[in-house]
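There are 8 protein chains.
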Amino acid sequence: VRTGVSEVIYGAGKSAAQIAGIVDAMRRAGQERILITRMDERKAAELAEMGCSFAYHAEAHAGVVGELPEPDGNGEILVLTAGTSDIAVAEEAVLTARFLGNSVTCVNDAGVAGIHRLLRHGEEIARAQVIIAIAGMEGALPSVVGGLAACPVIAVPTSVGYGANLGGLTALLAMVNSCASGVSVVNIDNGFGAAYQASLINHLSGKR
Amino acid sequence: VRTGVSEVIYGAGKSAAQIAGIVDAMRRAGQERILITRMDERKAAELAEMGCSFAYHAEAHAGVVGELPEPDGNGEILVLTAGTSDIAVAEEAVLTARFLGNSVTCVNDAGVAGIHRLLRHGEEIARAQVIIAIAGMEGALPSVVGGLAACPVIAVPTSVGYGANLGGLTALLAMVNSCASGVSVVNIDNGFGAAYQASLINHLSGKR
Amino acid sequence: VRTGVSEVIYGAGKSAAQIAGIVDAMRRAGQERILITRMDERKAAELAEMGCSFAYHAEAHAGVVGELPEPDGNGEILVLTAGTSDIAVAEEAVLTARFLGNSVTCVNDAGVAGIHRLLRHGEEIARAQVIIAIAGMEGALPSVVGGLAACPVIAVPTSVGYGANLGGLTALLAMVNSCASGVSVVNIDNGFGAAYQASLINHLSGKR
Amino acid sequence: VRTGVSEVIYGAGKSAAQIAGIVDAMRRAGQERILITRMDERKAAELAEMGCSFAYHAEAHAGVVGELPEPDGNGEILVLTAGTSDIAVAEEAVLTARFLGNSVTCVNDAGVAGIHRLLRHGEEIARAQVIIAIAGMEGALPSVVGGLAACPVIAVPTSVGYGANLGGLTALLAMVNSCASGVSVVNIDNGFGAAYQASLINHLSGKR
Amino acid sequence: VRTGVSEVIYGAGKSAAQIAGIVDAMRRAGQERILITRMDERKAAELAEMGCSFAYHAEAHAGVVGELPEPDGNGEILVLTAGTSDIAVAEEAVLTARFLGNSVTCVNDAGVAGIHRLLRHGEEIARAQVIIAIAGMEGALPSVVGGLAACPVIAVPTSVGYGANLGGLTALLAMVNSCASGVSVVNIDNGFGAAYQASLINHLSGKR
Amino acid sequence: VRTGVSEVIYGAGKSAAQIAGIVDAMRRAGQERILITRMDERKAAELAEMGCSFAYHAEAHAGVVGELPEPDGNGEILVLTAGTSDIAVAEEAVLTARFLGNSVTCVNDAGVAGIHRLLRHGEEIARAQVIIAIAGMEGALPSVVGGLAACPVIAVPTSVGYGANLGGLTALLAMVNSCASGVSVVNIDNGFGAAYQASLINHLSGKR
Amino acid sequence: VRTGVSEVIYGAGKSAAQIAGIVDAMRRAGQERILITRMDERKAAELAEMGCSFAYHAEAHAGVVGELPEPDGNGEILVLTAGTSDIAVAEEAVLTARFLGNSVTCVNDAGVAGIHRLLRHGEEIARAQVIIAIAGMEGALPSVVGGLAACPVIAVPTSVGYGANLGGLTALLAMVNSCASGVSVVNIDNGFGAAYQASLINHLSGKR
Amino acid sequence: VRTGVSEVIYGAGKSAAQIAGIVDAMRRAGQERILITRMDERKAAELAEMGCSFAYHAEAHAGVVGELPEPDGNGEILVLTAGTSDIAVAEEAVLTARFLGNSVTCVNDAGVAGIHRLLRHGEEIARAQVIIAIAGMEGALPSVVGGLAACPVIAVPTSVGYGANLGGLTALLAMVNSCASGVSVVNIDNGFGAAYQASLINHLSGKR
Ligand SMILES: Nc1ncnc2c1ncn2[C@@H]1O[C@H](COP(=O)(O)O)[C@@H](O)[C@H]1O
Ligand SMILES: Nc1ncnc2c1ncn2[C@@H]1O[C@H](COP(=O)(O)O)[C@@H](O)[C@H]1O
Ligand SMILES: Nc1ncnc2c1ncn2[C@@H]1O[C@H](COP(=O)(O)O)[C@@H](O)[C@H]1O
Ligand SMILES: Nc1ncnc2c1ncn2[C@@H]1O[C@H](COP(=O)(O)O)[C@@H](O)[C@H]1O
Ligand SMILES: [Mg+2]
Ligand SMILES: [Mg+2]
Ligand SMILES: [Mg+2]
Ligand SMILES: [Mg+2]
Ligand SMILES: [Mg+2]
Ligand SMILES: [Mg+2]
Ligand SMILES: [Mg+2]
Ligand SMILES: [Mg+2]
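If you're matching them up, the sequences are chains Z, P, L, X, D, R, G and A in order.
Numbered per our numbering, the first sequence spans residues 1 to 208.
Numbered per our numbering, the second sequence spans residues 1001 to 1208.
Numbered per our numbering, the third sequence spans residues 2001 to 2208.
Numbered per our numbering, the fourth sequence spans residues 3001 to 3208.
Numbered per our numbering, the fifth sequence spans residues 4001 to 4208.
Numbered per our numbering, the sixth sequence spans residues 5001 to 5208.
Numbered per our numbering, the seventh sequence spans residues 6001 to 6208.
Numbered per our numbering, the eighth sequence spans residues 7001 to 7208.
No wet-lab data here; the hints were simulated from the structure.
Model, not experiment: these values are computed from the prediction.
C-beta atoms are modelled at their ideal positions from N, C-alpha and C, and glycine is treated no differently.
Mixed in with the good hints there might be a few duds.
[Unchecked claim] Non-contacting residues of chain D with respect to chain R, defined by C-beta distances greater than 10 Å in every case (computed): (1) Ile4009; (2) Ala4029; (3) Glu4041; (4) Gly4066; (5) Arg4208.
[To be verified] Partner residues aside, some chain X positions facing chain P, computed with beta carbon under 8 Å: (6) Ser3181; (7) Val3185; (8) Ile3201.
Isolated chain Z, as found in the complex (with noise of 0.2 Å):
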């Protein structure tokens, strides 16, 4: 069984040296794949000093040991951002989808405020199985992406914006408050957790 959590080491408020001890020892334990998050550039860097090996993804402030694995879900995951502020987030999304054995298409700066830049992705929202829709300040992405889609959507705050945008809370509240139906939300900038959750959408079986 693919769970998924057992894979994962949250990076933040870890040394180096902790998160290599960790690693190692689900090495040990037969873990092949492991996927680092929220660690920055110097903390990677110092990982890889004491002979860790792993890939690192700057965009996503994360790293993967093993190779990202081939893709095994039912159809297709779309991440959507609405500002190029967002793509930390879009891309913790991206590889922790991918890592998860997720096929990803993502589309960046598709915020609300040019939306035909938005309906210009008819087709990739059409095509998805589950859509990931990231979006700081006012967080109006995901009601306009609910409806124009007719599979699950998985909204993600994110901290971008300044002054009333109170530290993404103001995206969290509209995005639960949003007028779509169809619409689900997560803790702000949490790219894993709606990417794990589109990941268990996306792995479901089929009529059983």
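Following the hints, put chains P, L, X, D, R, G and A with the ligands in place on chain Z, whose structure we already have.
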């Protein structure tokens, strides 16, 4: 000079008798046209029984003493609402704008979860001198409209919704964070305030 | 295509007469099956007196015009509630899910303070295609369920509780912070929204 | 058509190299005049070293590629600030307005606790086509100005203050509640957004 | 020693019978003058029917047993309100101050959006020993008054307003952030508390 | 007339050079005594190096140009603090009060969790003309002091504490809700503001 | 084993009929003693009319089926309240504690603004095995009591107050920040929960 | 009498020199055993260099002067943590409890998302005299533990998490709303406070 404010009575928290008194005083001072906002059906009936002569606009929860003026603004004000539940606020805005001498177009139920319904109104959006965009829940409408319109957009958050809508605060915070440029915001359910500012804008002299 | 949304009337803030009008229009447009949510007993009685024919589901505060369909989803939706006070939200979720063509199992009173009552339902949890976990107060249920289940969990915070429950906001914030992976969240008391997304997930095609 | 938005780069969270890249692309696309907001002195120096040619406006934390245009608006924009600490926000507003083709007058330190300093500027207030009122702490300035002015007032709350100013949220909430009519509000510290809307208003065609 | 507090009954949440009992006990203990605050008309009528003898002040929602005393303070207390809706709070302040032996002047409707109405009262402001400034909505009055007055200003936020007034919290936060020196703040709608402190100040001995 | 405000520079957010400039201008305008608040040790050193002559009070984070005046108030100001961590705020209050011509007594570490330490100071409390009560965390001190004192109490919430102290907001809200009469409140950490109002009270003329 | 919870019915939100059903089931299961909390007078009357036999405690808003037990705890529980308005919460705590087999002393109106009234109860404080300190408004009582007592203090914030008491949240936050050691906190108005934990503490075995 | 508080120094916001001074004074007053909390490694090193002799406990961020005492409590305190990131708070609790004479068992990483890891510790839970349950994020652990345990549970919310964890406030609110009986709560990250109260409970005399 048209200042508007001296012609308006805010009816909430005033008794019918108090309103009647103010109307009387205003008329004696020469005011021919008076707008009474936030007055429910029952209070309007009481006021009528006291011999005060006015037209009651039930959906706007407002009364008008005297005739509505001929529009004398520069162009047209467009009032857009996200959902049918926002209509009371929209009607307050529409009536206020008419009362202040504006030509108004109103499009209801143009919520962002059905974006094509909104896109059908491209012509009205292009024609407007100023737009009032009204929405509850996640308050996403002004962001989409702001991206489509070349004119100023005044956003009105409404208390429509439940739970994490926080009585309209979620929509207000979202609108203040709008990723679209050219959007400013008034208080929750404040259709009057939005129309008042829209009217000021619509009556500005052109090139001086 | 089953879109669901066009078959649903949100009854809150609409009069019986308004609902009757919408039902009529929908039926004339060929809609045979209609769900009316957030309609209390008194409004349902008024609607019935107007000659509208529907079945009223008192615990769900909802009415159904026409017959509920045969389930045609991939698997089963499991609805779990933490306490008896959450049942109204659970019943809204159950009825909505059934209305949208899903087979539903409902387990009430599986709160985390009596963890063994929850653990007794391991089989239902393992069998579910998607789980709706409903809880007020501290909103802990989805975290425990998320750890037990291999399928996606949709969490519904409820307004059940008092004082520092902040009308359900505490449960919502807690659920968004769930330490379990595979959990996403909808608005406070939004049994409809959870069931709608669960139904989308349960009707996804398998491997394409 | 002057849309403005496509001429502006939001510099916060972008590296000098990224900004240089965007400037290059814009220039190649024919854009002669570019505004770069939220760029601190250090980043501006880096950008200059990369051979990008622009004028840096230190107080506005902004850079301008190309020449500022001749004003072509209908009238004058008046920028009023409550205290010297709000000047950074005011300068962002002034520069943005000039960049967008407006004639601007700026009056600093017209806080309400010294009301006579404000009253001295009655002439500027009467002459303005639109006013931008900027204030931190209790955010009272727009209310007083709104009462004095016959034109629209755009209020900008600032994060100036400490303790219960809540990073500007207190001023924002206060401004949204303004007892003066004709006041609308933008995000905390958003001098750019206020100027953008003011410019839209100042460039509206007159009677059509 | 005049302590005041032992002469006052806070009527909210007490039945007429409970109030009657406390009045009786106080009178038997020799108290000749008693103030009963937060008592609505209905409760006052019940209390009167029980044979309790007192004068009811409807606008202040308060009753006075015994005679109001001759003023014996050092100077005059000035009570200023921003709008007519704040009058109930103002009347509570005025009656409390009179009850505690102060000479009081009250100026209503001196809101900051009509600054010239406030400026007309320069003489009263200059004459006052202490000022109570009462305002709802954005709570700006104390800041303007604080700048005009040389004496201490006690600010009372009121719950007047709607939406983002947050039941008076917005005004309270604004007042605490006042840019004027010499302003301190009491609880929302707490006319009693402001008058109590004003009376303490007005009864301080001079140079010792 | 002593107005105080024009003698004070708020040092936060101003560079040493800016402060030096303001001091120079003030002195040229005849001001002999100047208080500079919120100036840390480093900025004070820079200011001194620029040739500005002043005494630095490290604990108060403030500098004084010229001599402190002889006290000329009516009585004594008592400054009470709950814990040693509140001393910086207390020292700002003490120095400001002295600067404004008041005789000040300061009692530190009189927190309510050791009530007998506070009760030992009954004499100082009885003697005071006005009391400044400073406390962080739960902000209980002003309530106890307000019950013991017959004079006005000005409460200063501080940002001392962690977690649910919300940066001082908890103490501020608690103080505004004080069950003691005669207590009013200033902004978080605003020792200056409390002392300024206390000085106004302490300099009021007696019976007129 | 005494577990308590299975003997208690939370009456809020349950109909008299539902309560009667639960009582019946419990009695059939052998439960002789049942506590029904949060039941108002009207519901109690309905329940009695249904033939359910119980004693109603009006001040505690609670009913008891069967006899209260003989106290069998280690020592005494002391319940302290700050003001008479907190008595309903205190009575819920007292009755719950008695129901669970504790000897209880209750002291009302020991608020911190009259500290000497509290200090008079030094003996009861010294004698108590555990103290429940109940307060609304600023919630200061537990801090003072925590300093006086050597035993554990359980703090109960109440919703008593208005304005910035935020429905009890202010008191809750204050209590959680108590500067006294040995204080822990339960939910707003949760007299039951405090008594339940106090009873657990009072029934702990001594040295094992 | 063991009072504990006089033996403890809260190191945050104190310099090494200040701490050294307090330690000296305490020792001269006869205190042999002193706990210094919230002291980071650097400050500890400085303190050691000043000649102060103490053992530093790095994980607890605390130092102990003198020897830890032999446990003399009634039973055992069990410290449970939800995740490895909560260990710093747990270690503060463990060390404080030991310092105050308690025997302590500590179980880390017993989070509710892996409920079986928690259930493995049934014996420790049954044996405990009092339990300290520590959790960040959604703060669900105390509810599950409260249901399993027959003894009092003291809940400690931690600031672990991000986004909508609101720095620990989400966990605090959740814990205060716990559906389990027998749970009370201390401040965010307050391992010391929880251990202090647990120690009080664990040292209570039995039947008197
Ligand atoms: N970026 C992330 N945000 C939220 N949760 C994460 C993230 N990355 C990993 N996790 C979760 O954290 C768990 C590992 O936590 P830990 O044992 O502290 O390394 C994983 O199994 C995931 O459930
Ligand atoms: N209980 C509910 N909570 C949230 N949304 C609902 C609920 N019931 C229906 N809806 C949504 O409201 C739409 C109908 O809204 P309306 O057109 O106002 O009746 C449906 O299509 C659903 O998307
Ligand atoms: N200071 C500012 N505050 C808010 N929005 C801004 C600011 N400066 C620029 N913008 C907006 O950001 C857009 C550019 O964003 P970007 O594509 O991320 O550079 C501009 O077109 C403006 O709409
Ligand atoms: N520590 C302080 N906190 C709040 N206000 C202060 C403080 N120090 C000075 N002020 C006020 O700030 C004014 C000077 O502000 P500025 O002109 O910016 O230097 C003074 O007149 C005081 O009213
Ligand atoms: Mg959809
Ligand atoms: Mg636009
Ligand atoms: Mg799972
Ligand atoms: Mg105006
Ligand atoms: Mg003044
Ligand atoms: Mg007093
Ligand atoms: Mg104690
Ligand atoms: Mg238990």
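Now for the hints, and whether the structure bears them out:
no. : hint    : verdict
1   : Ile4009 : holds (13 Å)
2   : Ala4029 : holds (19 Å)
3   : Glu4041 : holds (26 Å)
4   : Gly4066 : holds (20 Å)
5   : Arg4208 : violated (5 Å)
6   : Ser3181 : holds (5 Å)
7   : Val3185 : holds (5 Å)
8   : Ile3201 : holds (5 Å)
Against the hints set out earlier in the document, a violation occurs for number 5 only.
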